[in-house]
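Novice: Listed here are the chains, written in short residue letters.
Protein chains: 2
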Amino acid sequence: MSEVESITARRGGARAARRAARAAPLPDNLRPVMPGMTGGRYKPLLEADVVKIHRAALDVLEQIGLADAPPSGIEYMTRAGAQLTPQGRLLFPRSLVEDTLARAGRHFVLHGQDPKHDLEPWGSRVYFGTAGAAVHIVNAKTGEYRDSTTQDLYNIARVVDTLDHLHFYQRSVVCRELVEPLEMDVNTAYACVSGTTKHVGTSWVRPEHLEASLEMLHLIAGGEEQWRARPFVSQSNCFVVPPLKFAYDACLCLETAVRGGMPVLLLSAGQAGATAPAALATALVQEVAECLAGLVYVNAIKPGAPAIFGTWCFVSDLRTGAMSGGSPEQALLSAASAQLSHYYDLTGGTASGMSDAKLPDIQSGYEKAYNHALVGNAGVNLIYESAGMLASLLGFSMESLLIDNDIIGAVQRTIKGIDVSDESLSLETIRKVCLEGPGHFLGADQTLQRMQKEYVYPSVGDRSSPNEWVVQGRPGIVERAVRKLDTILADHYPTHIPDAVDEAIRARLPIRLPREAMRRPVKT
Amino acid sequence: MSEVESITARRGGARAARRAARAAPLPDNLRPVMPGMTGGRYKPLLEADVVKIHRAALDVLEQIGLADAPPSGIEYMTRAGAQLTPQGRLLFPRSLVEDTLARAGRHFVLHGQDPKHDLEPWGSRVYFGTAGAAVHIVNAKTGEYRDSTTQDLYNIARVVDTLDHLHFYQRSVVCRELVEPLEMDVNTAYACVSGTTKHVGTSWVRPEHLEASLEMLHLIAGGEEQWRARPFVSQSNCFVVPPLKFAYDACLCLETAVRGGMPVLLLSAGQAGATAPAALATALVQEVAECLAGLVYVNAIKPGAPAIFGTWCFVSDLRTGAMSGGSPEQALLSAASAQLSHYYDLTGGTASGMSDAKLPDIQSGYEKAYNHALVGNAGVNLIYESAGMLASLLGFSMESLLIDNDIIGAVQRTIKGIDVSDESLSLETIRKVCLEGPGHFLGADQTLQRMQKEYVYPSVGDRSSPNEWVVQGRPGIVERAVRKLDTILADHYPTHIPDAVDEAIRARLPIRLPREAMRRPVKT
Numbered sequence: 027m028s029e030v031e032s033i034t035a036r037r038g039g040a041r042a043a044r045r046a047a048r049a050a051p052l053p054d055n056l057r058p059v060m061p062g063m064t065g066g067r068y069k070p071l072l073e074a075d076v077v078k079i080h081r082a083a084l085d086v087l088e089q090i091g092l093a094d095a096p097p098s099g100i101e102y103m104t105r106a107g108a109q110l111t112p113q114g115r116l117l118f119p120r121s122l123v124e125d126t127l128a129r130a131g132r133h134f135v136l137h138g139q140d141p142k143h144d145l146e147p148w149g150s151r152v153y154f155g156t157a158g159a160a161v162h163i164v165n166a167k168t169g170e171y172r173d174s175t176t177q178d179l180y181n182i183a184r185v186v187d188t189l190d191h192l193h194f195y196q197r198s199v200v201c202r203e204l205v206e207p208l209e210m211d212v213n214t215a216y217a218c219v220s221g222t223t224k225h226v227g228t229s230w231v232r233p234e235h236l237e238a239s240l241e242m243l244h245l246i247a248g249g250e251e252q253w254r255a256r257p258f259v260s261q262s263n264c265f266v267v268p269p270l271k272f273a274y275d276a277c278l279c280l281e282t283a284v285r286g287g288m289p290v291l292l293l294s295a296g297q298a299g300a301t302a303p304a305a306l307a308t309a310l311v312q313e314v315a316e317c318l319a320g321l322v323y324v325n326a327i328k329p330g331a332p333a334i335f336g337t338w339c340f341v342s343d344l345r346t347g348a349m350s351g352g353s354p355e356q357a358l359l360s361a362a363s364a365q366l367s368h369y370y371d372l373t374g375g376t377a378s379g380m381s382d383a384k385l386p387d388i389q390s391g392y393e394k395a396y397n398h399a400l401v402g403n404a405g406v407n408l409i410y411e412s413a414g415m416l417a418s419l420l421g422f423s424m425e426s427l428l429i430d431n432d433i434i435g436a437v438q439r440t441i442k443g444i445d446v447s448d449e450s451l452s453l454e455t456i457r458k459v460c461l462e463g464p465g466h467f468l469g470a471d472q473t474l475q476r477m478q479k480e481y482v483y484p485s486v487g488d489r490s491s492p493n494e495w496v497v498q499g500r501p502g503i504v505e506r507a508v509r510k511l512d513t514i515l516a517d518h519y520p521t522h523i524p525d526a527v528d529e530a531i532r533a534r535l536p537i538r539l540p541r542e543a544m545r546r547p548v549k550t
Numbered sequence: 027m028s029e030v031e032s033i034t035a036r037r038g039g040a041r042a043a044r045r046a047a048r049a050a051p052l053p054d055n056l057r058p059v060m061p062g063m064t065g066g067r068y069k070p071l072l073e074a075d076v077v078k079i080h081r082a083a084l085d086v087l088e089q090i091g092l093a094d095a096p097p098s099g100i101e102y103m104t105r106a107g108a109q110l111t112p113q114g115r116l117l118f119p120r121s122l123v124e125d126t127l128a129r130a131g132r133h134f135v136l137h138g139q140d141p142k143h144d145l146e147p148w149g150s151r152v153y154f155g156t157a158g159a160a161v162h163i164v165n166a167k168t169g170e171y172r173d174s175t176t177q178d179l180y181n182i183a184r185v186v187d188t189l190d191h192l193h194f195y196q197r198s199v200v201c202r203e204l205v206e207p208l209e210m211d212v213n214t215a216y217a218c219v220s221g222t223t224k225h226v227g228t229s230w231v232r233p234e235h236l237e238a239s240l241e242m243l244h245l246i247a248g249g250e251e252q253w254r255a256r257p258f259v260s261q262s263n264c265f266v267v268p269p270l271k272f273a274y275d276a277c278l279c280l281e282t283a284v285r286g287g288m289p290v291l292l293l294s295a296g297q298a299g300a301t302a303p304a305a306l307a308t309a310l311v312q313e314v315a316e317c318l319a320g321l322v323y324v325n326a327i328k329p330g331a332p333a334i335f336g337t338w339c340f341v342s343d344l345r346t347g348a349m350s351g352g353s354p355e356q357a358l359l360s361a362a363s364a365q366l367s368h369y370y371d372l373t374g375g376t377a378s379g380m381s382d383a384k385l386p387d388i389q390s391g392y393e394k395a396y397n398h399a400l401v402g403n404a405g406v407n408l409i410y411e412s413a414g415m416l417a418s419l420l421g422f423s424m425e426s427l428l429i430d431n432d433i434i435g436a437v438q439r440t441i442k443g444i445d446v447s448d449e450s451l452s453l454e455t456i457r458k459v460c461l462e463g464p465g466h467f468l469g470a471d472q473t474l475q476r477m478q479k480e481y482v483y484p485s486v487g488d489r490s491s492p493n494e495w496v497v498q499g500r501p502g503i504v505e506r507a508v509r510k511l512d513t514i515l516a517d518h519y520p521t522h523i524p525d526a527v528d529e530a531i532r533a534r535l536p537i538r539l540p541r542e543a544m545r546r547p548v549k550t
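As given, the protein sequences belong to chains A and B, one line each in that order. The opening residue of the first sequence carries number 27 in our numbering; numbering runs sequentially from there. The opening residue of the second sequence carries number 27 in our numbering; numbering runs sequentially from there.
One should not assume that every hint holds.
As the list makes no split between identical chains, a pair holds if one copy fits it or if it spans any two.
[What the hints assert, rightly or not] No farther apart than 25 Å at their CA atoms in a straight line, the calculated lysine-lysine pairs in the BS3-like style are these: (1) Lys271 - Lys510; (2) Lys458 - Lys271; (3) Lys78 - Lys458; (4) Lys167 - Lys442; (5) Lys479 - Lys78; (6) Lys271 - Lys328; (7) Lys442 - Lys78; (8) Lys479 - Lys142; (9) Lys78 - Lys271; (10) Lys167 - Lys142.
Don't read these hints as lab results, they were simulated from the structure.
Please work from the sequences and hints to get the whole structure.
Specialist: Have a look at this one:
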């Protein structure tokens, strides 16, 4: 064997070994990324600034307070120690907020219907999921925006159910064809929990709709007790209309959720420059004040009830007043919110991955990616809106959902960081390659070990060379996503809810999604 | 006036004031972002890990060393204290490296031909620029890849000259139509320095070519002394062929540059998994060892000579061995390199913004953006390859150049961070709006003050609503970039090099770019 042949054979052998290694399924401890990677290496705020924002929020609560609480809320919160002003604002003494923080629910699991999807969103662990509520489905090929439907919501759930890097499913689109509010709320919850066994988030406009939905959730869980032991749905609750006003109906839904054992996302969605101050730091102060008020409310109903600190501070394009979800200011606000929830040791949730682009184009890619990279590395526990969203939350693209899953996979890899262990720092590999070896690391033992544990690979992203790409006919990433999407939609019909339970639900509630839309079509 | 009319009038007035404020040119102290924002809020490595990597690099230099130095290099480095082994490897005792680090050049300005473009790349200040060397120009509309030319190189320089967020111009494409190496090197330098007054970087394959180019640079500067006082071109020098071998001709070019007063980018471009170890930490060790060897070399020629610590560790897709410039592992390696140059208090340069995508599509956007967000926030002083590059450095797109400028502007905004001053934390704005005011912040004084200083706006990115976008005919971001590009190319012909100097250069050197290609065409 000539030297060249020998090198070729050795390299060929290495390549075959790499191929075989890639083909084998990876045990969890060898996967390059997993749900709940630990972030926190990016800190947009100095520690002292975090404290300043906290103190200013306490001042806001004590001096300005919140207006428009419903009578039941006033009752709960004044009994806990809040003071009602003659103008009808609730003021929150510093001691009340501090006591609330001391006894608030912490380190609670967000359950999936399947326990393998349980989330442990505390510390600096990071989970990515969807949210909404888009009113349009975007056709990524034509640019057409059409009204979203219950079927879309269910289909998106099915796709999310298959995607490695989406860890929970909050309802992504509005069932626009349902005009009756009860029907919309119930069917929204139904489509989500039927489409995935991952943890679900959704919202309700009236407490009666939530009561009706809880009946369904009890049926799925196998009883109220089982539901309360492992609540697999949380309520996304916009309990506040920034600046500093309670939202009447949302507050009633909040009370019902807390009493019903459902975790609550305390979502304050001020928009800096419009409904929140334009100065980013002051906008954070207002957000924090509002979420702390929500926390007082929840704990006044039931001490220690699970609540997510949902500082979702949005951003205005100040030239027009319109929302800019993809802006760098958004990345800063969402990332900074991580530091505030860490400061309180509360489960923090915020938004990232919103784009102002109308299509899954380069703008969509870069806006999502710089937001995810910074918000993820800041260590936000629950990152909502992370996949599929376009046009500052107005549109949802199924193709984008798949592509964004790749973005999140890559960002999770950055959160994992660099392993600087004695093993990874072994100089023996360098010594062998340079002094004895082939002069390159392609076939080194370490390379084979590391290729799965340290390297993440895209699912629809493409790394072929220009020549290979031309030979393939210059396929676009959207086309690749469409093909993959079609396969998932044709194949993946979750069956975790038994037919008998589904029939019981349909007997009690006005479910509008036809059974036949939830089963693989019989081929004729 | 009804209440509605009054609100409308007030909001209209606010909008007019905002429009007027936007139209006025911004003084530098009010611009939301400027060249050299201070990064460092993202730290992928623990401090202890940085020290581990440093110590391992010292071990590599002392125990494994580098092969293949040219005789002149062996002479320089052994005289400084390196030891030549019988196998021809140079070993670097720990004390030699430490002495070199103690006296190495620090805090040197990288000059522009126009002093307004001078860079101060030290501490955690961050500057973005181009690099290369792509061999293709990509037509973003058709996907066509064609050979790049000297005219392209000059045109790209002209465009970079106009872009706010690109702070230096390293030669981006190869002049493929020039086959004679001297012609290629000289014309590359000429096209760059003629097209922009920003700091230029380029490379040479033979020292004679650099000598010839220095003649040109002296002419432009007004003499050798003036050149040495403000060298406005640095040499991108791949002095090492990883793993741990010196590159013969590049070393001779390095020596010529140092003697000629030209700053040197000590560029070690190992590729993890191929020419560098697959374990990211070990790859960093090798990079650092190689760049420290280069630093010894430079300082052995001329103590304190300006050298950039160029840890450009690339990444392999381990399934194929091909480079993956857009991978998350790339972001980690480039960001980590910031911490190492900070540790040494050296000017650090690395690569970010390389994409594996073949077009300015969503993959290109997300790969560039998560890399830039993390590498920029890590505080790398000089970020090369930051705009225009596609297909893992094989292709350059002019449209992407303009779009990437927007990405960098946004990332600079994130680097600037959140102002948590007493002024920004004033609760008076919240109090007024909630207790007295209109219930929103759209027209608040603070909003108008902040809209320029705290908010950055895209140049080709689009934030219109889906409805507005449909009315506009669904324009794509690439189309918007093409229109803007056409305007710049038609209008911007730099004239900073006087005709007499240009003639003197052409009299001495084989300049191939026709004069008429460098002047605005006369309209007939």
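Novice: Taking the hints in turn, state whether each one holds.
Specialist: Against the structure, the hints:
no.: 1; hint: Lys271 - Lys510; in the structure: neither (45 Å within a copy, 45 Å between copies)
no.: 2; hint: Lys458 - Lys271; in the structure: between (68 Å within a copy, 14 Å between copies)
no.: 3; hint: Lys78 - Lys458; in the structure: between (54 Å within a copy, 21 Å between copies)
no.: 4; hint: Lys167 - Lys442; in the structure: neither (34 Å within a copy, 37 Å between copies)
no.: 5; hint: Lys479 - Lys78; in the structure: between (41 Å within a copy, 21 Å between copies)
no.: 6; hint: Lys271 - Lys328; in the structure: within (22 Å within a copy, 68 Å between copies)
no.: 7; hint: Lys442 - Lys78; in the structure: between (30 Å within a copy, 19 Å between copies)
no.: 8; hint: Lys479 - Lys142; in the structure: within (21 Å within a copy, 47 Å between copies)
no.: 9; hint: Lys78 - Lys271; in the structure: within (23 Å within a copy, 53 Å between copies)
no.: 10; hint: Lys167 - Lys142; in the structure: neither (35 Å within a copy, 45 Å between copies)
Checked against the numbered hints given earlier, this structure breaks hints 1, 4 and 10; the rest are met.
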